[in-house]
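Novice: Below are the chains, spelled out letter by letter.
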Amino acid sequence: MLSLQNVHVHIGKLHILQGVNLDIKPGESTALLGRNGVGKTTTLRAIMGLVSKSRGSIEFDGVDLARLAPHKVPGTGIGYVPQGRGIFPNLSVLENLCIGLPGKRDTAQEDYVFSCFPRLKERIKQSGNTLSGGEQQMLAIARCLMMRPKLIILDEPTEGIMPLLVSQIRREIYRINQSGVSILLVEQNIETALKLCPRVFLMEKGTVVYSGTSQELKSQTAIVHRYLGLSR
Amino acid sequence: MIVFAAFLLTVPWTIPALINDFWVSVIAEILIWSLFAASTNLLFGYVGLLSFGQALFFGFGMYGVGIGIDQLGLSFWPAFGLGVAAAMAMALVSGIFAVRLTWHYFAIITVVFSLIFYFLAVSMKWLTGGDDGINFTLPPTFSFGATQWSFADPNFQYFFILAAVALCFYLMHLVIGSPLGKAFMAVRENDVRASLIGLNVYLLRLTAFVMAGFLAGVAGALFAFFGRYASATYMFYHVSGEGLVWTIVGGAGTLFGPIVGTTLFIIIREVVSTHWEHHSLIVGTMAILVVIFAPKGLVGLWRDILDRAMAPRAERAVSTEVRTEP
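These protein sequences, in sequence, are chains A and B. Taking the working numbering, the leading residue of the first sequence gets 34, the next gets one more, and so forth. Taking the working numbering, the leading residue of the second sequence gets 211, the next gets one more, and so forth.
Just so you know, the hints here were simulated from the structure itself, not pulled from any lab data. A hint or two may mislead.
[Said to hold, decoys possible] Partial selection, computed: residues in chain B whose CB lies under 10 Å from chain A:
#1 Lys392
#2 Arg398
#3 Gly408
[As the list claims (entries may be wrong)] With beta-carbon atoms standing in for the labels, derived distance ranges:
#4 A:Ser85 / B:Glu480: 51 to 57 Å
#5 A:Thr254 / B:Gly387: 56 to 62 Å
#6 A:Glu192 / B:Gly387: 33 to 39 Å
#7 B:Arg310 / A:Ala255: 47 to 53 Å
#8 B:Val303 / A:Glu92: 35 to 41 Å
#9 B:Leu377 / A:Pro59: 49 to 55 Å
#10 B:Gly387 / A:Ser200: 36 to 42 Å
#11 A:Lys105 / B:Arg479: 48 to 54 Å
#12 B:Ile212 / A:Pro231: 55 to 61 Å
Where a beta carbon is used, it is the ideal one built from N, C-alpha and C, also for glycine.
All chains, please: the whole structure from these sequences, using the hints.
Specialist: Right, dumping it as structure tokens:
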């Protein structure tokens, strides 16, 4: 489904990604972990075409993503929820959900989205900027779902959100994955990541240094301590 | 909002019966410049592009009419069409390059385009009349047999301009409320985020740029008929700056903001300039005060006041409902 082979990214003189290899299979839920500044967000931005790779290949369902303009990447079936909530604050909840969708309103998908996030239905006419942080994150995920994606990339979806809503967002991410949508999750909250994702990639200094199952990772305390700074 | 819309739908049509020809002419001018400010507003208020180049398209609208009538011998409607088409074509050509840039780079390139064509217009005397511009005789707008209507009749001129400007504002209202308008706003709020949901940011900006060129072109063509001449002076970037000030003071990102800002400043100019030559000091001071104390402009300030006035009422209604619950 998604395959990154030896991806290098330079930003100015900095060599940010130094040969990232990563693959995600259909329906799989995968976490990309690592400390701050190791290149997780740059990897996601490279997938979405927001930064140009200097070497390597990024393919999704056989399509070379590097050849596409960023606005064409969502059309291949990839939804991206960026760090810090990807909503349009001055548009209403409904406008946020429908914006950019081709053709008529997809009411069936709207119903599905509202079944995942009933709070949004209650606030359908409210501006995005009147929602709480957690609701804004729900809206960002819901916006992605409206595009009927095959893969959703989430960059720290629970960052700065109250615990009650964190568990709801976590539940919905699990439910979305159970419906057949693949997940690539970047998350500082290791507990959330390991619970949601059976497969894990660990990044350090711009490259993937470990890949395996979350169960294996849990048992490898040395790796967890070294690359995530945690003692489990 | 509804009251204001009702006001706009009724009062302007009765104005010639209530005031003298001088003020009818001033209001006609306000309408034209409001449309010009609306073109700035479409770019700045809805797409987030700070353009100092709208005067270029205004000038192309003027010259399309002037050259069409004076040199090509066209009648009213073909000349009007030529003015608007020339403005849109220029907007398309300059937009292809300009909308690749944003923020101050975009502002600078629009100034540069404006300057290039201003100096070209001044130097190409054989076509544009140079500094003197083009003076022309008004062709009739409509003629049925021996009966003719033209801009020579101040009332007809006023009603024609009113109808044309109202139609353009209505079209803008439709665009803003459409999915295209929402996409414009998405680009204004965050262009990267907009591209991540599949919006073609470049194409949207170019579309808005050409639409704004259309509005400025219509305003320029109307102004050419209104003044019976076309001049390069109106292509200079300080004219774009005035449109921007009117928009910001009235309320960028609101449909009626440009009308409010333009009306305020042109009336100040007309009233004060007969008594005091430094009337632009008042304009500057007002602009500074509005930017500091009402950054959403006068329409935004009015909306905030209304919201505050309505909010306690709504809260009172809720608390009454709660109290009366069994």
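Novice: Decide, hint by hint, whether the structure agrees.
Specialist: Structure-based check of each hint:
1. Lys392: holds, 5 Å
2. Arg398: holds, 8 Å
3. Gly408: This hint holds: Gly408 (chain B) lies near chain A, its Cβ roughly 4 Å from the closest one there, short of 10 Å.
4. A:Ser85 / B:Glu480: 51 to 57 Å: Given a distance of about 55 Å, which is inside 51 to 57 Å, the answer is holds.
5. A:Thr254 / B:Gly387: 56 to 62 Å: Roughly 58 Å apart at Cβ, these two residues keep to the hinted range, so it holds.
6. A:Glu192 / B:Gly387: 33 to 39 Å: Holds, since Glu192 (chain A) and Gly387 (chain B) (Cβ atoms, about 35 Å apart) stay within the stated range.
7. B:Arg310 / A:Ala255: 47 to 53 Å: Holds: the Cβ-Cβ distance is about 50 Å, inside 47 to 53 Å.
8. B:Val303 / A:Glu92: 35 to 41 Å: Given a distance of about 38 Å, which is inside 35 to 41 Å, the answer is holds.
9. B:Leu377 / A:Pro59: 49 to 55 Å: holds, 53 Å
10. B:Gly387 / A:Ser200: 36 to 42 Å: Given a distance of about 38 Å, which is inside 36 to 42 Å, the answer is holds.
11. A:Lys105 / B:Arg479: 48 to 54 Å: holds, 49 Å
12. B:Ile212 / A:Pro231: 55 to 61 Å: Between Ile212 (chain B) and Pro231 (chain A), where Cβ atoms are some 57 Å apart, the hint holds.
Checked against the numbered hints given earlier, this structure breaks none of them.
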